[in-house]
Structure formats: C-alpha cells, structure tokens
Amino acid sequence: IGRTVARVREAVVSTQSTGRNNERPIIFALSNPTSKSECTADEAYTWSNNKAVFASGSPFPRYDKNGAVFEPGQGNNAYIFPAVALGVMCCGSIRIPDDLFLTAAEALSELVSEKDLAVGRVYPRLSDIKEISVHVSVAVIKRCYELNLATVLPMPDDLETF
Numbered sequence: 001i002g003r004t005v006a007r008v009r010e011a012v013v014s015t016q017s018t019g020r021n022n023e024r025p026i027i028f029a030l031s032n033p034t035s036k037s038e039c040t041a042d043e044a045y046t047w048s049n050n051k052a053v054f055a056s057g058s059p060f061p062r063y064d065k066n067g068a069v070f071e072p073g074q075g076n077n078a079y080i081f082p083a084v085a086l087g088v089m090c091c092g093s094i095r096i097p098d099d100l101f102l103t104a105a106e107a108l109s110e111l112v113s114e115k116d117l118a119v120g121r122v123y124p125r126l127s128d129i130k131e132i133s134v135h136v137s138v139a140v141i142k143r144c145y146e147l148n149l150a151t152v153l154p155m156p157d158d159l160e161t162f
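Residue numbers (the numbering used here): 1 to 162.
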C-alpha cells in the first residue's frame with residue numbers, strides 16, 4: 001500500500017473541517033514496516049486537531065504536543081491469532097469457525113481500559129501480551145465447549161491453568 005499521505009490527510013482534514021462524518025476519525029495505518037505506513041501518528045493527530053483515534057501496524061512514539069498526550073497503539077494480529085490457536089489446541093477443537101474470531105475480538109475489547117482510551121489507545125498495551133493471550137484463549141476455549149467443538153472432555157474447571 002505504501003504511504004498515501006495526501007489521501008489520508010485530505011480525508012482527516014475534510015472530516016474535521018466539515019463535521020460531516022464524525023467527531024473523531026478513526027485512522028488505522030496498518031502497513032508495515034513503519035516506513036510504509038499510510039501516515040504517522042503525529043500526522044494523524046496534527047491533521048485532525050488531536051481528535052483522531054489512531055492505531056498502526058508498527059510502533060510509533062508517544063505524541064505530546066499543545067497539551068495533548070497520546071500513546072499510539074498497535075493494531076496487531078499478535079492479539080488474536082496466537083490466542084485463538086492456543087485455545088483451539090488446548091480444547092482439541094474440531095473446527096475453527098469465524099465465530100471464534102468474533103469471540104476473541106470481544107474478549108480483547110474487554111481488556112481495553114479507560115486509561116487506554118484516555119491516551120488514545122484502542123488496544124491494550126502490547127507489552128501485556130501474555131496476560132492478554134490467556135484471557136482471549138480462555139474465552140475461545142469456553143466458546144468451543146459451547147459450540148460442541150471441543151474434544152477434550154470434560155471441560156476443565158480452571159481454564160486459565162488448563
């Protein structure tokens with residue numbers, strides 16, 4: 001995809017100047033590596049007058065300008081795929097339906113704190129990935145049992161240590 005700075009800038013600025021779409025535009029600059037990102041966190045926040053909700057595929061530094069402080073988060077598949085794999089392997093799921101990915105996403109969203117949101121993160125800190133993976137995989141395991149996909153029977157009482 002590469003850097004499409006002019007198009008991103010135009011979209012963000014026009015959204016802010018007209019108020020047509022929303023108060024806080026969502027900018028997910030997910031291309032990797034950082035040099036290929038559609039825009040930087042600094043650009044997204046600057047162009048949106050500090051209103052953008054930003055996540056990226058690569059890490060960006062903390063943004064601290066004009067009294068606004070944001071800690072850009074990474075929208076990374078490391079949050080979902082390893083936890084889904086762990087969950088289905090632990091319970092011996094016979095299939096991996098799309099519903100498990102929705103379950104994983106919902107479990108991940110439960111871990112986004114008010115503190116995360118206050119600094120502009122829409123994902124929990126990647127540095128907490130071990131705890132996040134356990135939480136998400138437990139939700140996946142439970143869903144596998146609910147859908148009668150699990151082959152490891154009976155369902156263990158303590159899924160976190162399972």
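Be aware that one or more of the hints could be misleading.
Claimed, not checked - SDA-like mimics (lysine to any residue), calculated; alpha carbons at most 20 angstroms apart, straight line:
(1) Lys142 - Lys65
(2) Lys36 - Arg62
(3) Lys115 - Ile129
(4) Lys65 - Lys115
(5) Lys142 - Met155
(6) Lys51 - Tyr123
(7) Lys142 - Leu159
What the hints assert, rightly or not - Pairwise CB distance ranges, derived in the manner of DEER restraints:
(8) Ala85 - Leu117: 37 to 43 angstroms
(9) Glu160 - Val122: 39 to 45 angstroms
(10) Lys115 - Glu146: 27 to 33 angstroms
Hints listed in this document are in silico derivations from the structure and should not be mistaken for laboratory results.
Please read these numbers as outputs of a predicted model, since none were measured by experiment.
The C-beta atom is built at its ideal place from N, Cα and C for all residues, glycine as well.
Lys36 and Arg62: Cα distance at most 20 angstroms?
19 angstroms, holds
| field | Range hint 37 to 43 angstroms (beta carbons of Ala85 and Leu117) holds or violated | value | 28 angstroms, violated
If I claimed the Cβ atoms of Lys115 and Glu146 lie 27 to 33 angstroms apart, would that claim hold in this structure?
Cβ of Lys115 to Cβ of Glu146: about 31 angstroms, so the range 27 to 33 angstroms holds.
### Query
Within a Cα-Cα threshold of 20 angstroms, do Lys115 and Ile129 meet the stated pairing?
Holds: Lys115 and Ile129 sit about 17 angstroms apart, inside 20 angstroms.
- Query: Taken at face value, is the distance from the CA of Lys65 to the CA of Lys142 at most 20 angstroms?
  - Reply: 44 angstroms, violated
If you check the beta carbons of Glu160 and Val122, does the distance land in 39 to 45 angstroms?
25 angstroms, violated
Exercise for the section: Would you mind confirming whether the straight-line C-alpha gap from Lys65 to Lys115 stays at or under 20 angstroms? Expected result: Since the Cα atoms of Lys65 and Lys115 sit roughly 19 angstroms apart, the hinted pair holds (cutoff 20 angstroms).
Pair hint outcome, Lys142 versus Met155 [Cα-Cα no greater than 20 angstroms]: Between Lys142 and Met155 the Cα gap is close to 9 angstroms, so the pair holds against 20 angstroms.
- Message: Hinted pair, alpha-carbon criterion (20 angstroms max): Lys51, Tyr123. Please report holds or violated.
- Response: Holds: Lys51 and Tyr123 sit about 17 angstroms apart, inside 20 angstroms.
Checking one constraint from the list: CA of Lys142 to CA of Leu159, max 20 angstroms. Satisfied?
8 angstroms, holds
Consistency note: the structure conflicts with the earlier hints numbered 1, 8 and 9.
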